[in-house]
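Protein chains in written order, with this note's numbering: chain A, 1094 to 1366; chain B, 89 to 372.
Because the hints were derived from the structure by calculation, they are not lab data.
Given the structure is predicted, the values throughout are model-derived calculations rather than measurements.
All C-beta atoms in this analysis are idealised placements derived from N, C-alpha and C, irrespective of residue type, glycine included.
Among the clues, some could well be false.
[To be verified] Only pairs whose alpha carbons sit at most 27 Å apart, straight line, appear in this in silico DSSO-like list of lysine-lysine:
1. A/Lys1295 to B/Lys184
2. A/Lys1167 to B/Lys265
3. B/Lys184 to A/Lys1121
4. A/Lys1332 to A/Lys1174
5. A/Lys1121 to B/Lys265
6. B/Lys184 to A/Lys1240
7. A/Lys1156 to B/Lys218
8. B/Lys265 to A/Lys1156
9. A/Lys1114 to B/Lys265
10. A/Lys1121 to A/Lys1174
11. A/Lys1332 to A/Lys1181
12. A/Lys1332 to A/Lys1294
13. A/Lys1294 to A/Lys1121
14. A/Lys1264 to B/Lys184
15. B/Lys265 to A/Lys1181
16. A/Lys1156 to A/Lys1167
17. A/Lys1114 to A/Lys1167
18. A/Lys1114 to A/Lys1156
19. A/Lys1264 to A/Lys1295
20. A/Lys1240 to A/Lys1181
21. A/Lys1174 to A/Lys1156
22. A/Lys1240 to A/Lys1332
23. A/Lys1121 to A/Lys1264
[Stated by the list, open to error] On the chain B side, residues computed to face chain A include the following (Cβ under 8 Å):
24. Leu189
25. Met258
26. Lys268
27. Ala269
28. Arg369
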Amino acid sequence: MTNTLEHKNCACCHEHPSAVKIENLSVKLGGISILDDISFHIPRGVCTAVVGPNGAGKTTLVKALLGDVDHTGKILFRQEKDGSFTEKRPVFGYVPQRLLFDRLLPLTVMEFLAGSFCLRPVFLGVSRSFRNTAEEYLNEVDCIRVKDRKLGALSGGELQRVLLALALMRKPEILILDEPAAGVDFKGEKLCCELLETFRKKQQFTQIMVSHDLSTVAAHAAHVICINHRVFAEGDPEKVLTSRALLDTFGLHMGMVDLHKDCHCSCHHHGGK
Amino acid sequence: MFARIYDLLCSFVSFIPLECMQMRFMQEAFIGILLLAPLAAAAGIQVVNFRMAFFSDAIGHSVFAGVAIGLLLSVSPHWSMPVTALLVGGGIMLLKRCSRLSSDTVIGVFYSAVAAAGLALVSRNPGVAKDMQTFLYGDILTVSGGEIAYLFILSLAFYIFQIFAFNKLMITGLDEKLAKAHNIPTALYEYIYVGLLALIVIVAVRATGVLLVTALLIIPSAAARNLASGAGKMVFFALLFGLVSGIAGLLLSAQEFINASSGAMIVLTASTIFFITLFFRKKG
């Protein structure tokens, strides 16, 4: 059974109604149970972090949300129109962990963005007005200098910012970030998180962040869900990330995570250097 | 109606001041190449970018199975070949999507199966072996008016499809999950693309034969990739190289001092362009 112990006294869920309701979701891949009868809610308009160790089924959960994997159980999204919950998917912004693509592919950043939005095929050129909008967003994510570079020539951090700009340009109802800390330097990550907060206030989207990096989660999420094939805990980060559930989810070593901000910084300095 | 337009085109082409262009079959071949070369090059862009060269090779080899099935069911190969190609292409895509086998394994299985079907047929009745030679080496010079009309309709369908699908296929090729997040019906676009590609490959086999059909598709795009920094430029260069190598190859093959198979000359010209572009390659 799902443990929703923390859920009842979660401040976040009192303040924010749900954007997504997941009920008895199970996913099996090749006979192996990846997600086993999980149920939880994702509050609207705030940042929810899904944490769990590698192989816990986090990416599969994202796939299920995006409709890219067969599942049993229900995934219900709140409809902007009337506030009801149905299986109709909302507008997603999705920032993948990484793009596995041919690095030598001749495709500029501008063409990549235009290809994602415009009906006009990119070989007929990119319209002036789209170019202006795209430049605006690239400016916001501090990446305007790469607009005419090849997509394959970007660094990991630059590529992720371009993907973020792409996701934001869609004016998403739900923004999903898969391991946003991977491939981004410390400065970049901090900027990313601040940027997302600003945009979330402006565009009012629901943010779902999948991560195995607890320090990022502690610093930025308003709601946390711990999964490892099942849901082990959900609720406010201060409670969940210090609870026994964390120990259950991750195993012994992660039990002593310290949630102070300076820890957050020092962890990343270690990683970065 | 069509016949009259076709005659008009032929007489138009005959104004090219070359001795060989006074012959009707050369005029027809020229019109055929004008349609086929850019079409194959355009289809090749995605073949190169999504690494489907092996896939198009397998489709090419399906002509053997196509002829075999045509003989067994006593239907014209004009029907059995494209239908077999569609089935093989669709089958590969279906198995690739539904099984966890890697795509080159799946293609390898289909490739061998269709080639074996052709070999089995040839070994059973040696009389067919001569027909098979047509498909091994191809011959654009014997192209018929009906085939030109078919090529024209296929071109039209493919270009219209690309106007709608180019962007979507590009995103799907980059990352399927991203495409899904953008609500792109990825399977639909991929199946239509593969279907059109199969039909194009079958027509191209007529020109260059099974052995060289992939070359006709991928070499212009491979050369274009050497020069282009963006997708728009790549499309432009690929069409240009396809057209230039097609026309130059055909005309060269008809010159007395060369007098060689036109399909081979087209591929040789394209390869020459490719090697030249290597020296002008864009870095980064």
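If you draw a straight line from the CA of A/Lys1240 to the CA of A/Lys1332, is it 27 Å or shorter?
Status violated; Cα separation ~43 Å.
Mind checking the alpha carbons of B/Lys265 and A/Lys1156 for me, to see if they're no more than 27 Å apart?
Holds, at about 7 Å.
Regarding the pair A/Lys1114 and B/Lys265, is the alpha-carbon distance no greater than 27 Å?
Roughly 21 Å between the alpha carbons, so the hint for A/Lys1114 and B/Lys265 holds.
Can the restraint linking A/Lys1332 and A/Lys1181 be considered satisfied, given a maximum Cα separation of 27 Å?
Cα-Cα ~33 Å, so violated.
Taking only the CA atoms, is the gap from B/Lys184 to A/Lys1240 under or equal to 27 Å?
Distance of about 35 Å is beyond 27 Å: violated.
Between the alpha carbons of A/Lys1174 and A/Lys1156, is the straight-line distance 27 Å or under?
Between A/Lys1174 and A/Lys1156 the Cα gap is close to 25 Å, so the pair holds against 27 Å.
Is the straight-line distance between the alpha-carbon of A/Lys1114 and that of A/Lys1156 27 Å or less?
16 Å, holds
For the hint on B/Ala269, does the least C-beta distance to chain A fall short of 8 Å?
Because about 4 Å separates B/Ala269 from the closest Cβ in chain A, which is inside the 8 Å limit, the hint holds.
Between A/Lys1121 and A/Lys1174, is the straight-line Cα distance small enough, at 27 Å or below?
Measuring from Cα to Cα gives roughly 33 Å; hence the hint is violated.
Closest C-beta approach of B/Leu189 to chain A relative to 8 Å, hint status
12 Å, violated
27 Å limit on alpha-carbon distance, applied to hinted pair A/Lys1121 and A/Lys1264:
With a Cα-Cα distance of about 32 Å, the restraint between A/Lys1121 and A/Lys1264 is violated, given a limit of 27 Å.
Pair hint A/Lys1295 and B/Lys184, alpha-carbon separation not exceeding 27 Å
Violated: A/Lys1295 and B/Lys184 sit about 42 Å apart, past 27 Å.
Checked against the numbered hints listed earlier, the structure breaks hints 1, 4, 6, 7, 10, 11, 13, 14, 20, 22, 23, 24, 28; every other hint is satisfied.
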